[in-house]
Amino acid sequence: MPKLLGFIRGYDHDLCFVYKNLCSLPGSMGKELWRPPDYGIIKLNFDASFIQGKKLATIAVLARDYRGEVVGADTCLFEEVGDAFVAEARACERALLFATMIGFRWLIVEGDSLSIIKKIKKREEDRSVLRPITYHIHLHLFF
Numbered sequence: 000m001p002k003l004l005g006f007i008r009g010y011d012h013d014l015c016f017v018y019k020n021l022c023s024l025p026g027s028m029g030k031e032l033w034r035p036p037d038y039g040i041i042k043l044n045f046d047a048s049f050i051q052g053k054k055l056a057t058i059a060v061l062a063r064d065y066r067g068e069v070v071g072a073d074t075c076l077f078e079e080v081g082d083a084f085v086a087e088a089r090a091c092e093r094a095l096l097f098a099t100m101i102g103f104r105w106l107i108v109e110g111d112s113l114s115i116i117k118k119i120k121k122r123e124e125d126r127s128v129l130r131p132i133t134y135h136i137h138l139h140l141f142f
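At the far end of the sequence shown sits residue 142, using numbering that gives the first Met the number 0, and the numbering has no gaps.
Keep in mind that the hints were calculated from the coordinates and are not lab data.
Glycine included, C-beta positions come from ideal geometry on N, C-alpha and C.
The reader is advised that the hints may include incorrect statements.
Below, computed lysine-lysine pairings styled on DSSO-like, alpha-carbon distance capped at 30 Å [to be verified]: (1) Lys54 / Lys121; (2) Lys118 / Lys53; (3) Lys118 / Lys54; (4) Lys54 / Lys2; (5) Lys42 / Lys2; (6) Lys42 / Lys118.
What follows is a list of derived Cβ distance ranges for each label pair [what the hints assert, rightly or not]: (7) His139 / Gly39: 21 to 27 Å; (8) Tyr38 / Asp125: 30 to 36 Å; (9) Asp82 / Glu124: 19 to 25 Å; (10) Gly67 / Lys120: 39 to 45 Å; (11) Ser127 / Pro1: 37 to 43 Å; (12) Phe6 / Asp125: 29 to 35 Å; (13) Gly39 / Met100: 16 to 22 Å; (14) Leu138 / Tyr65: 26 to 32 Å; (15) Pro1 / Arg130: 36 to 42 Å; (16) Tyr65 / Arg122: 35 to 41 Å; (17) Phe6 / Leu113: 24 to 30 Å; (18) Asp125 / Arg34: 28 to 34 Å; (19) Trp105 / Glu78: 17 to 23 Å; (20) Phe6 / Arg34: 33 to 39 Å.
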């Protein structure tokens, strides 16, 4: 548990560091990269790291409230992952499962892969390699 907490604190620290440095770059003109959600809403951010040769994916989930404070975090290791696209889909799935287990109801979901989020939002049948993942999300999470 201490290792997980250390990882989460380090991840949060790195995000804050990147945010501060990117906003101060010339040409950024003060563009805001991340904004906290409105009161009562949780912003859920997910990401995946994929190691192709080993078919491993590490998933990270970070939940923040309207003050920008971390109110939950999760990490997970997946084995036998086909590619980075599947890893991102698994990360989104894990983020939504995490939010459901914690009891978060009102969410804004953010991730690196917009195509994953769009695919999950669709109500039509998914015929891609992600079908088992999107099916699971729709079946159990009523997304």
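Hint check:
Distance hint between Lys54 and Lys121 is fulfilled; the C-alpha atoms sit about 28 Å from each other, no more than 30 Å. Of the pairs offered as hints, the one joining Lys118 and Lys53 holds, with about 26 Å between alpha carbons and a cut-off of 30 Å not exceeded. Among the hinted pairs, Lys118 with Lys54 is consistent with the structure: their alpha-carbon atoms are about 23 Å apart, no more than 30 Å. The hinted pair formed by Lys54 and Lys2 meets the criterion: a straight-line CA distance of about 23 Å does not exceed 30 Å.
Of the pairs offered as hints, the one joining Lys42 and Lys2 holds, with about 24 Å between alpha carbons and a cut-off of 30 Å not exceeded. Between Lys42 and Lys118, the direct Cα distance comes to roughly 19 Å. Compliance with the 30 Å bound is thereby established for this hinted pair. The hinted window of 21 to 27 Å between His139 and Gly39 holds, with their beta carbons roughly 24 Å apart. A beta carbon spacing of about 34 Å between Tyr38 and Asp125 agrees with the range 30 to 36 Å that was offered as a hint.
As the Cβ distance of Asp82 to Glu124 is approximately 22 Å, the hint placing it in 19 to 25 Å holds. Take Gly67 and Lys120: their Cβ atoms lie about 25 Å apart, and the range 39 to 45 Å is violated. Between Ser127 and Pro1 the C-beta distance comes to about 39 Å, which sits within the given range of 37 to 43 Å. Restraint check, Phe6 to Asp125: a C-beta distance of roughly 32 Å satisfies the suggested window 29 to 35 Å.
At roughly 19 Å, the beta-carbon separation of Gly39 and Met100 lies within the given 16 to 22 Å, and the hint holds. Leu138 and Tyr65 have their C-beta atoms about 30 Å apart, which keeps the hinted 26 to 32 Å range intact. Distance hint for Pro1 and Arg130: a CB-CB separation of about 38 Å, consistent with the stated range 36 to 42 Å. The given range of 35 to 41 Å is broken by Tyr65 and Arg122, whose C-beta atoms sit roughly 29 Å from each other.
The hinted range of 24 to 30 Å is satisfied by Phe6 and Leu113, whose Cβ atoms lie roughly 26 Å apart. The supplied range of 28 to 34 Å is met by Asp125 and Arg34, whose beta-carbon atoms lie about 30 Å from each other. Separated by about 33 Å at the C-beta atoms, Trp105 and Glu78 break the suggested range of 17 to 23 Å. A beta carbon spacing of about 25 Å between Phe6 and Arg34 contradicts the range 33 to 39 Å that was offered as a hint.
Hints 10, 16, 19 and 20 from the earlier list are contradicted by this structure; the remaining hints agree with it.
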